[in-house]
Amino acid sequence: MNPAHPSLEPLAEDAWILRFGDAMDVAINARVHDAAARLRRALPDVECVPAYASLLLRFEPSAWRDGGGRFDAVRLREAVMSALRHEVNVTATAQDVIIPVWYGGAAGQDLEDVAAHAGLTTHDVIARHTAAEYRVAMIGFAPGFPYLLGLDPALAVPRRAQPRTRVPAGSVAIGGLQTGIYPQALPGGWQLIGRTPLRLFDVAAAQPSLLQPGDRVRFRAITEEEFTRLAANTGLSE
Amino acid sequence: MSIEVIKPGLLSSLQDAGRHGHASLGLGRGGAMDLPAWRLANALVGNVHHEAALEITLAGPTLRFRCDAVIALTGAIVDARADGEPLPPWTACFLPAGTVLRMGGMRHGCRSYLAVRGGFDVAPVLGSRSTDLHARVGPLEGRGLQAGDELPMATTDAAPWIRSRTLHALRWGLDPQPWLDDAKAPLALLRGHHHEAMDEASQRALFSQRFMLSKDSNRTGARLDGSPLALRQPLELISEATVPGTVQLPPSGQPIALLAEAPVTGGYPRIGQVAAVDLPRLAQRRPGDTVSFREVTFDEAMDRLDAREEALQRLLRRIAQRLESA
Chain C
508 MNPAHPSLEP LAEDAWILRF GDAMDVAINA RVHDAAARLR RALPDVECVP AYASLLLRFE
568 PSAWRDGGGR FDAVRLREAV MSALRHEVNV TATAQDVIIP VWYGGAAGQD LEDVAAHAGL
628 TTHDVIARHT AAEYRVAMIG FAPGFPYLLG LDPALAVPRR AQPRTRVPAG SVAIGGLQTG
688 IYPQALPGGW QLIGRTPLRL FDVAAAQPSL LQPGDRVRFR AITEEEFTRL AANTGLSE
Chain R
38 MSIEVIKPGL LSSLQDAGRH GHASLGLGRG GAMDLPAWRL ANALVGNVHH EAALEITLAG
98 PTLRFRCDAV IALTGAIVDA RADGEPLPPW TACFLPAGTV LRMGGMRHGC RSYLAVRGGF
158 DVAPVLGSRS TDLHARVGPL EGRGLQAGDE LPMATTDAAP WIRSRTLHAL RWGLDPQPWL
218 DDAKAPLALL RGHHHEAMDE ASQRALFSQR FMLSKDSNRT GARLDGSPLA LRQPLELISE
278 ATVPGTVQLP PSGQPIALLA EAPVTGGYPR IGQVAAVDLP RLAQRRPGDT VSFREVTFDE
338 AMDRLDAREE ALQRLLRRIA QRLESA
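Residue numbers (this note's numbering), protein chains in the order written: chain C, 508 to 745; chain R, 38 to 363.
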């Protein structure tokens with residue numbers, strides 16, 4: 508696939524996929540968020556759903572009819588391609604978010620296993636995990652669950668052979684080369700290294716998801732005492 | 038103004054047209070599995086604002102109406118008795134306060150819709166009164182009915198076409214036949230992005246095999262049991278967005294057709310896409326029913342969807358006229 512020219516392919520009657528590549532890659536993913544920002548500006552009625560290397564466009568087919576009342580794929584394709592050339596300040600739409608994390612102990616039961624696998628001390632794992640800048644590549648699996656790109660490759664660790672039936676809300680975890688945060692108590696197979704007291708998804712909030720696709724994220728280590736104090740404010744519970 | 042849940046049935050949940058616009062935050066649309074049946078149930082009781090209705094699965098609930106209500110049941114024909122009196126399907130009925138509505142099984146089909154005039158008065162969550170069972174978002178904290186629940190009903194004007202305050206059904210209803218699935222005809226399927234990544238026998242088998250709907254199917258996906266389909270070689274894929282109708286092939290070789298509560302992303306090969314016009318029919322297949330596919334083009338899928346929508350709009354207009362002139 509030529510990365511300069513994304514492919515546009517129908518998925519369903521009301522959904523097309525714009526593909527920029529087929530790899531989990533920060534540069535390809537940045538193009539996805541860039542395209543999403545342009546399309547949202549130019550075609551606000553088209554819903555954009557970013558993934559690692561592709562963007563889903565969900566539209567109302569009846570809004571794209573030709574004079575004879577038939578769905579006009581050519582007109583939609585031209586509108587999408589023209590929107591991709593739209594001038595928009597993309598960096599301004601991404602937020603910088605710092606996530607406080609209580610690493611290890613009861614909050615990160617797999618931290619020692621991750622350290623052993625990487626041949627590092629737990630202190631080094633925390634130092635490397637907090638040193639990196641991450642990008643929210645996409646949100647999926649559960650409402651508000653961010654798939655973050657940017658993990659130090661030394662920390663990559665396979666998923667657990669036996670997934671847990673219940674991972675506590677706020678758990679910060681590593682699965683392969685990805686790191687992510689469980690927004691609510693869920694079953695999960697990633698390795699748990701810590702826990703944040705922040706609420707990642709709250710339907711009652713004006714902005715229900717703390718993170719948006721494309722946001723830049725850093726982690727900051729906090730103590731168990733700080734976690735308990737912050738969790739009392741955010742109302743995070745098991 | 039409420040309904041008391043005496044028995045919840047197998048799975049009953051409030052549903053509307055779904056929660057639009059939040060897929061990029063990991064929250065899919067969800068909503069009624071058989072959207073035409075849901076819209077017609079609302080139309081029959083004179084609702085025009087896309088009110089939530091109760092989606093009933095396979096075995097219905099028992100409900101006590103604490104106030105007068107006008108109801109209609111559409112979708113799969115369910116055995117429904119109001120204080121012992123059988124209610125006609127696809128017909129508006131008046132239930133006086135105190136009526137106990139007992140719903141049993143469905144001989145054919147899997148999902149019925151119970152609409153009440155005025156709708157259910159539950160708070161919308163992110164713009165919808167749909168229950169997302171998977172994400173646990175929506176009415177009743179995102180779960181199905183339980184015994185003891187109270188379902189609040191919105192206050193509404195008395196329907197002028199209700200002439201008596203005793204238990205009765207209107208003398209006219211809809212013919213359900215054009216909207217029912219025969220559980221046999223093949224469903225229209227578009228070729229998926231990874232169709233040709235399957236070996237040739239599997240490419241043919243997708244369109245010739247009779248699959249059986251697994252009992253593990255739910256609002257998230259229809260699991261299709263059959264001779265396993267296989268890829269030419271293993272594929273390392275990264276996740277991308279999925280929508281209802283996307284047919285994925287997990288390593289087991291048994292395809293999964295995603296339904297209303299489709300996850301917003303998926304990482305399995307996509308071998309097909311069920312045409313939108315046939316999603317309500319797939320939603321009406323029961324565990325153990327046969328599912329087979331025939332290939333269609335996007336143009337055919339779109340034409341059939343347009344034709345179905347036109348027929349639905351005509352019927353909605355006729356119902357509205359009939360209620361106005363009554």
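Honestly, the hints are just simulated from the structure, not real lab data. All C-beta atoms in this analysis are idealised placements derived from N, C-alpha and C, irrespective of residue type, glycine included. Any given hint could turn out to be false.
Residues from chain R shown here face chain C by an in silico Cβ test under 10 Å; the list is partial [said to hold, decoys possible]:
#1 H59
#2 H171
#3 P287
#4 S289
#5 Q358
*Please name the hints from earlier in the document that this structure breaks, with their numbers sorted from lowest to highest.*
Per hint list: 3, 4 and 5 violated.
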